[in-house]
Amino acid sequence: CNCTAHGGLARCPANMTMCKQKSSECDFDHCCAADCQNLGGVRQCFPQYKYVGIAIWSQDCLSQSHAKQEELMDAACATQYNGSMAAGIDDLVDDGIYGLPLVNPSSEHIALRCGRATSLQCYGRDA
2 CNCTAHGGLA
12 RCPANMTMCK
22 QKSSECDFDH
32 CCAADCQNLG
42 GVRQCFPQYK
52 YVGIAIWSQD
62 CLSQSHAKQE
72 ELMDAACATQ
82 YNGSMAAGID
92 DLVDDGIYGL
102 PLVNPSSEHI
112 ALRCGRATSL
122 QCYGRDA
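Going by my numbering, the sequence shown opens with residue 2, and the numbers climb by one from there.
Check the hints yourself; a few may be wrong.
[As the list claims (entries may be wrong)] Under the rule of at most 30 Å between Cα atoms (straight-line distance), these lysine-lysine pairs were calculated in the DSS-like manner:
| hint | residue 1 | residue 2 |
| --- | --- | --- |
| 1 | K21 | K51 |
| 2 | K69 | K51 |
| 3 | K51 | K23 |
Rather than coming from a laboratory, the hints here were simulated on the basis of the structure.
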């Protein structure tokens, strides 16, 4: 919790839990509260996923749908790292990836799945 109003805590105090919904009261970050009912419920423990590496694939943004491109991403990841899948924008934003390097270890561009991200967040425009 980065709540300025709550002392800029990295973790919630023992008598509070971290809530799912981000709030303007907490500098648009997750807030700590005794009851998270009005803040989307209790935020699940993160990270959910472990970073295992980078996979390379080819895509054609002009002829392939976003769904097809994400399918290709997942297939490349599963081939390179058995049982894995491509990371999503929401996984990154929610700090849901354990062991993620702070700097891109590849000379390639990084592409993420849209996941639960809005069209504006994912594509830079409304769909």
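Checked hints:
Under the criterion of a C-alpha separation no larger than 30 Å, the hint pairing K21 with K51 is consistent with the structure, at around 21 Å. For the given pair, K69 sits about 24 Å from K51 by alpha-carbon distance, which is consistent with the 30 Å threshold. For the proposed pair K51 and K23, the alpha carbon gap of about 24 Å is at most 30 Å, so the pair holds.
In this structure, every one of the numbered hints holds.
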